[in-house]
Structures are given as C-alpha cells and as structure tokens.
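S.K.: Could you build the full structure based on these sequences and the hints that come with them?
Protein chains: 2
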Amino acid sequence: MAPNLASYFQAVDANADAFIHRLAEAVAIPSVSAEDARRPDVVKMGLFLKAQLEALGAKMEARPLGKQPGKEHLELPPAIIGRYPAKKDESKRTILVYGHYDVQPANLSDGWRTEPFKLSVDDKGRMYGRGSTDDKGPVLGWVNAIEAHQKAGVDFPVNLLMCFEGMEEYGSEGLDDFIIAECKPGKFFADADAVCISDNYWLGTEKPCLTYGLRGCSYYSVEISGPGQDLHSGVFGGTAQEPMTDLMRVMSTLVDGDGKILISGIKELVAPLTKEEQSLYKDIAFTMDNLYESLGSKTAIFPDKESTLMARWRYPSLSLHGIEGAFSAPGAKTVIPAKVTGKFSIRTVPNMEPAEVDKLVYAHVTTAFAALHSKNTLNCHLQHSGKWWVASPKHWNFTAAAKAVESVWHTQPDLTREGGSIPVTLTFEQATGKNVLLLPMGSSTDAAHSVNEKLDRRNYVEGIKLLGAYLHYVAEEPMDGA
Amino acid sequence: MAPNLASYFQAVDANADAFIHRLAEAVAIPSVSAEDARRPDVVKMGLFLKAQLEALGAKMEARPLGKQPGKEHLELPPAIIGRYPAKKDESKRTILVYGHYDVQPANLSDGWRTEPFKLSVDDKGRMYGRGSTDDKGPVLGWVNAIEAHQKAGVDFPVNLLMCFEGMEEYGSEGLDDFIIAECKPGKFFADADAVCISDNYWLGTEKPCLTYGLRGCSYYSVEISGPGQDLHSGVFGGTAQEPMTDLMRVMSTLVDGDGKILISGIKELVAPLTKEEQSLYKDIAFTMDNLYESLGSKTAIFPDKESTLMARWRYPSLSLHGIEGAFSAPGAKTVIPAKVTGKFSIRTVPNMEPAEVDKLVYAHVTTAFAALHSKNTLNCHLQHSGKWWVASPKHWNFTAAAKAVESVWHTQPDLTREGGSIPVTLTFEQATGKNVLLLPMGSSTDAAHSVNEKLDRRNYVEGIKLLGAYLHYVAEEPMDGA
Ligand SMILES: [Zn+2]
Ligand SMILES: [Zn+2]
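Sequence lines, in order, name chains C and P. Position in the first sequence (from 1) plus 461 gives the number in our numbering. Position in the second sequence (from 1) plus 461 gives the number in our numbering.
The reader is advised that the hints may include incorrect statements.
Since the list gives no way to pick out one identical chain from another, each pair is judged satisfied if it fits inside one copy or across any two copies.
With a Cα cut of at most 20 Å, we get these calculated SDA-like pairs of lysine to any residue [stated by the list, open to error]:
id : residue 1 : residue 2
1  : 895       : 937
2  : 585       : 870
3  : 579       : 824
4  : 766       : 749
5  : 794       : 881
6  : 794       : 844
7  : 548       : 614
8  : 645       : 891
9  : 794       : 884
10 : 532       : 791
11 : 728       : 500
12 : 895       : 841
13 : 848       : 796
14 : 836       : 718
15 : 520       : 651
16 : 520       : 547
I should point out that these hints are in silico values taken from the structure, not numbers from a laboratory. Predicted model, so just to flag it, every value in this text is computed and none were measured.
M.R.: So this is what it looks like as structure tokens:
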C-alpha cells in the first residue's frame, strides 16, 4: 500500500457521517437542469460546491457560460472550476477531474418511495435521493478526499484541477468550447497530466471496474414527404402514394431483428477482433441474468455473456427510435400523414469514421428509396454525431487506478467499455491530448436517471477512499507510461 | 317541373337574404363539440334550431342523450328531433332527414382570413365561417325550405321527420342507440319511408351529385413489446431484440407504395367490376387536376380519372397512420421503446365482411411476425370497424332527387360514391330498413374541417330550392320503386 494511505482511509471512515451529511445537503438542492424554473437551484448547487471547496483552501472560480441556446432568457449555470492546493506544487503531477452538479428531473409522483430531494438512508445503507449517484456523490467524493487528507494530516499527493458543470443532464450546453479554451497553453487546465471522470457505473454490483472505451453515436433523420397537407384516408386512401408506406419500407431495410446492420459497408469499418481482446471478455463480472434483470425481459439477442458484452462495447448497433409527423397518440386517427420523419441512430466503434458512416447511410437510404419508385420526396440527414472513444488501459493513469481499486476493494478491477457515449470524455482527450480514465463510484443498480436513484453507503465511503488512493498511486507511477 | 315549384323557387330567391342572416346567426354560435368549454354553445345551437322550427309550426323535442362516455361530468348535447307539419298527413310520404349542428374547432390563429365564428360574405358570394357548409348550411336548408313553402303559400308535399345531432364531429356519441330505438314501431321515426342526409359534398365545384355508396373502415393496432421498460440505445443497442425493428418489418409487409394491399385473400373479397359499372366512371365530372389540387402535389398512384375514382370508391385501401409508444417529437432521443403500437386501417368495400377482413389481417400479421423469429410479443387487434354502405340509386328516393337536381341545376347529377365513411348512414339504413340518399349542398372546395371553411351563396340558395324540389318529386314518385 502506498505510504500514508492507511491514515487517510481511517480519516475517511472517521468522517463518513459528515461526508454523508454533505451529500444530504447537496441532494436537498433540486438542481434540475432541464427545468427552467429550477435554474436558480442549479446555480445554488454550483455555488455550494464552490464554497465547500473554498473552505478547504481550494482556489475556485465560477465561470459564466453565457445564455442558453434557444432559451436566451436563461443564463447557463456556471462552470465551477478550481485548483487544490491553491498554489501549484511543481514537483507533483496534475490531475484534472470532471463531474456535474446538475441532476435529472424527479417528482415523488413518478414513483419515488421517498422524497427525491431528501437523502433517505435505509437500514441496508442504501442512500436514496436524486443525484446521489449521478453525479453529486462522485463530485463530493473529491471534496471529501481533500478534507480527509487534511484531517489525517496527510500531504495531498497531486495538483488537482477540477471542472464541475451544471448542464450535463441537458446536453452540456456551452461546455465543449469552454474546455477547449481552458486547455490551451497558459489557461486554467493547461497543465493537466491526465484526466479522471467519475460519472459512470460498475458493470454489476460487486466488482469495481475501470472504463476505457465508449461507443460513439451518429443520429439520422429520414424525411419522406408527398402531399401538401395531411390527408383523410377515406378520401385519399388508394389514390395517393403515402409517405408512411415508403418510410416503413425504407426503415425496415436498415437492421434485422437480431441487430444485424443491413447497411452494406458498415461491418467492414469495424476493427477486427484480436485473440487477445477476445480473451478479455470471459473474466468480466457479468452474467446473462444481469442482462435479463436490466432488460426486464429475456428478449436478448445472444445467449452468452461474451457475445453480449462484445455487442454492447465493440460492435456497432442500429436502433429505430420513432417517427415524427405520424399519428402517435393513443386511440385511432384516420390520417395519411403528409410528411414523416423516421429517426434512427448507429452506435459506432473503432475504426468507424463518422463521415464514412454518413456516406454509407445516405447511399443505403437513397438506394432503398429509389427501389420503391415513389413519387414522394426523400431527405436523409445527420442530426448529430459523437465519436467513439477508446483509451489505453496500460497508461499509468489506469495502472494507478487499478492499484487503488486493489488497495480499497482487495480485487483487480474489470477493464470495461460502455455502450453509451459520454461526449465530454472525448472532448477532454482531444483538448488535453492526455489519457482519460473513467473511474466509477456507483453500481449498476443505482438507477441513475430513474426513480429511486440511490448510492450505497459502501460505494460512497469506499469510493472516497478510492479517489484519494488513486491520486496517491498516480503520484508514484513512473513517467514512462505517459 | 312539378306543380307549385316555380312559386316555391321564387319565395326562396325573395327570402335569400333572410336565409343568409339565419345562417349568420347559427355560425355565430361556436358549437364546437370537441371542446368541453364550448358545450353550452353546442346546446345553445341545438335550442336555436329547435326554436326556429317551432316558430314555423314544427313539433320539436330536445332529447337528452346522457353523459359523455369518458367525460362523465359532461352532458351530451341533445338530439333535436321534430316533425313538420306537426300533425302527420297520412296521405303523404314521410321523409326522415338528418344533419348535425355541431362544428369542428376553429381559431383565427389557425390561419383563418376572417373571424371563424362570424359569417363573412365576400364579393364572389363565398360565405366564410365555421359550420357554413358542415353542416349548418344544409341543416338550415330544411328550415328555410319549410319557411319558403309558407311564404309561397305552397302546400308542404311530405311529412318531414328531422334528426339533428350535436356530436357528429366528435364520434356521434350516443346517437346510434337513439336512432335504433326511435325507429322501432310506435316511436318517433317509425314511419319514415326514406332517409335523406345532407352532410357531404359535390365531387367538384360545378356539377351536383347524388351519393349512393361509402367505403367502410376497419382500424387495427399491432402492438409489439419486449423489454420491461424503455431502454437506452447506448447501453442495450445490439444486445436486445427491439420491438420497433420488428414492427417496421411487420408494417412494411402490409401494403406497397402503389397502394396494393399485400394481405392475401383481401382482393378476393372485393365484388368484381362489371362492364356496366365500369362505364359509369368516364362521365363523372372529375379530373386529375382536381385530384392534384386537393392533394397539393402530383403524388397520385394512377394517371387517369377512372382508376382514381375506382380506387377511391370501389376498391379497398390500406393506410399506415402511425406508431404509439415510439419517439415522436422533434429532435433526437436515443430511446429503444419497450412497447410500440402500429396503427393502420383498411377502407372496405362490397362484399368485404368486416369479420372476414379481421381474420385475414390477423393471419397475415401473425405470419409476418412469426417469420421474424422474434422473442418479443405480438398483439394485434381491431380498434373499431364500420361497414361500407351502398344503396340502390334506382330507388324512387334517388329518382326524385335526380329530378330535383335537374329542375334546379338544369343538369343530370353525377351518381357518386365516397371513399370515407359516414357511419350514421348505415345506422339509418339498418334501423329504418329504407333507402338512404346522400344529397350534398356544398362543393369540394368548401374546406369542411379545415381553415376558411365556406359555403357559396349559390350552393346555399339553390340548395334550399333543391331540398324543397326533392320533397315535391318524392311526393310524385310511384310506389313501385319502394
Ligand atoms: Zn451523470
Ligand atoms: Zn359534417
């Protein structure tokens, strides 16, 4: 174990109740970024965080991010950035950490068993409350780690740079440009040696993991239009070419029921599976029952863990999300919609270049539509795309994190990837040019974004130890892995 | 010309301004049946109608229809029924007429060029206002016809039974049972010899028509479900069988872009086209330009009038209306919907028995879904069905109407069918066992249900003449056609 870790761990345990109280204070601030009326609470939460860190001696700033695009009457909540210790110790590595202080909406009437904005700890140590695991617990983890070092009288092992945002649950408006600007030479984040993000979850409930990859996402619209306005199917059914008929036929050519993408050329863009990579999957702590539980059904495509994890992490997928412009309410309406827009997205993986994917998608959709010989009009376009991200898990940033997991949890972490995207990850990698690590605190059953979100007391307290230990091992890692 | 018609026509012309004033009074009452808050106005309109007819000596009743299903705090507007003359003349035929006094919603902000609930007559005699053509103009046509007979001192040629409802634009709640009950022996409508409905439109703008057929409609839901709740496509894309994928594939098997129904067995249910029927279409006053204008595009299936009219009137069609449960808003959402319900309907024609159609639909959908070998769950069901209706255009009811058209418009009417359904038509036919005639007043450009609804002054004034003339010719027709 790294020197001084034992007394740091003791200090964390000794102050656990105070740390939980701090989380309770944070959960009590309903910092819902998606609800305009809650904007003052989001700001309040950012300033709470700033004040807590200033009280511990950090140098903090609340940086304005401007007006909210599309809602210009609303000021975006500030980016809360900071440095600890306040004055840089040139002999130490500098780690940039990221988290968000806003939360998803929550109402008791959605099905919460406890008041969502009151931290409620049950007799099994489950701490329920909106933001407990996503992402107030992990953000306060850094605050608590600083305080526990002070209480233990242990020297803080690195220079910590902090970047906490208040719009993550609403698209991280304004953040990308801010990060890119602040990573430039001479700016606030310029000297980061590596990045650590704690805004994801263990794959299961028992085994910690380090995450080194995320899929990207390219989201498309296929618009088909014909008549000048919606038509009545009694009057026009059988005499007009209907955009919905064309759209159903085009959308049905994209993917089959077993998730196989039918767009030619996509498969060829995927990095081949090496023997070495293949061997990694069998040891991951994950079972098909985990999958069935999270699906709420047994409607899985693959019968085995390995294929399932590979399909989630390292192969692309295509999902049909819905249709805009068609009849979507309950009941019956005999409309022939004049213009319908199908929505689908492709989860991308190495080495799929987004521009290449776009080209294949447009070609496929255009060909499929042309085959219909329709008089209607097709318009296919990209709504947005975010690239996949894969880091090297052999970098000292990961090695340090793995040692920290062993010292706290007494087990080797699983090295995992994730199917979804956390766009800020790629932004940090590109802006800093440094290795980025995803170091989760919560577990797969924490119900982030859902009702009855919770964080287990154990994950919170051991998680605080983990963050501190990670910084200690970071300080010890040789430079050659950089 | 039938005796006395000339003086009746003169009385109509002499009182045209008063009749337009009556229509203006009616349009000023915003009797929108779909808006709860307007319910008192709907009732007011019903009572206005009752009072107008009572003032002319008719025996009127406002019959309660009970609470509105699903909105039990709301009383349905009454059926306004009546008899004129108040005492039956046993020597005369009895004609039952139907119309509705409620209207579609309308707001100036929808794009109306004039106040929708104020009748605005322009210099071309176009009378704009909600309900002008649908259906206040035609309903008041009967009132005006009675008054013009009195002004002209011409004996009213038939016993007129009236049935005016206030919920037509909201599904005719409660009316079917009422009609069936009142057509029983000894009840209000028991002695009707024929029925005349004026709630549809000319096929074009110049040529009057009599309508003798309507398509039916069978409306289906195809529900496909899998996961226990909506999933995130990043986490689950590629590992779970997605209900939307299955639904797109099932829906794409139902119909092709040229409207050809791909459900096997449907075609065989359709009554064959006889040479005699085929020859009728070429003379109908309708052009492809009429179609393009109403479509607002040239995305028609057929290049010629005959095929188009047959496709609209005498062949079935299948339209895909939309999907419930999928993402339907603007923008992008990376959801895998857990349960999606596709909606489609088939317009039915002779001799398609609805139960037979249901069976073929279920068999097709079940087979198409089985071919996917999906683990998801399918549930296909009928939402509602209304049968097609075809009357004999050789019945005296039609012969009389045709003579009336000739006396007023100096041309033979087109004999038309319609693609949509007017369910009350079939109800009247079945409840009375008598011939039902659809005798339109307005023209195809009146924009019923749309913004800037209007009725041409000419169609209103000549239409009043037409209704009266029809009753005179009804009185003269021999009994053998009955
Ligand atoms: Zn988060
Ligand atoms: Zn109507």
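S.K.: Is it within a copy, between copies, both, or neither that the alpha carbon of residue 520 lies no farther than 20 Å from that of residue 547?
M.R.: within (5 Å within a copy, 94 Å between copies)
S.K.: One pair to classify: residue 645 and residue 891, alpha carbons no more than 20 Å apart. Within, between, both, or neither?
M.R.: Only inside one copy: residue 645 and residue 891 sit 11 Å apart there, 82 Å across copies, limit 20 Å.
S.K.: With identical chains treated as interchangeable, where does the CA-CA distance between residue 532 and residue 791 reach 20 Å or less: within a copy, between copies, both, or neither?
M.R.: Between copies, since 16 Å is at most 20 Å while 31 Å is not.
S.K.: Within, between, both or neither: how does the pair residue 520, residue 651 come out at a Cα-Cα threshold of 20 Å?
M.R.: within (16 Å within a copy, 91 Å between copies)
S.K.: For the identical chains here, do residue 848 and residue 796 meet the 20 Å Cα criterion within one copy, between copies, both, or neither?
M.R.: between (39 Å within a copy, 19 Å between copies)
S.K.: First find the shortest C-alpha distance between residue 585 and residue 870 inside one copy, then the shortest across copies, and answer within, between, both or neither for a cut-off of 20 Å.
M.R.: Within. Shortest intra-copy distance 19 Å satisfies the 20 Å Cα cut-off; inter-copy 87 Å does not.
S.K.: If the cutoff is 20 Å on CA atoms, where do residue 766 and residue 749 land: within, between, both or neither? Let me know, please.
M.R.: within (6 Å within a copy, 60 Å between copies)
S.K.: Tell me, please, which holds for residue 579 and residue 824 at an alpha-carbon limit of 20 Å: within, between, both or neither?
M.R.: neither (52 Å within a copy, 53 Å between copies)
S.K.: My question is about residue 548 and residue 614: at a cut-off of 20 Å on alpha-carbon distance, are they close within one copy, between copies, both, or neither?
M.R.: So residue 548 and residue 614 pass the 20 Å test inside one copy only (18 Å; across, 107 Å).
S.K.: With identical chains, the pair residue 794 and residue 844 could be close in the same copy or across copies; at 20 Å between alpha carbons, which is it: within, between, both, or neither?
M.R.: between (29 Å within a copy, 11 Å between copies)
S.K.: My question is about residue 895 and residue 841: at a cut-off of 20 Å on alpha-carbon distance, are they close within one copy, between copies, both, or neither?
M.R.: Close neither inside one copy (36 Å) nor across copies (54 Å); limit 20 Å.
S.K.: Within a copy, between copies, both or neither: where do residue 794 and residue 884 come within 20 Å Cα-Cα?
M.R.: between (40 Å within a copy, 15 Å between copies)
In this structure, the hints that do not hold are numbers 3, 11 and 12, in rising order.
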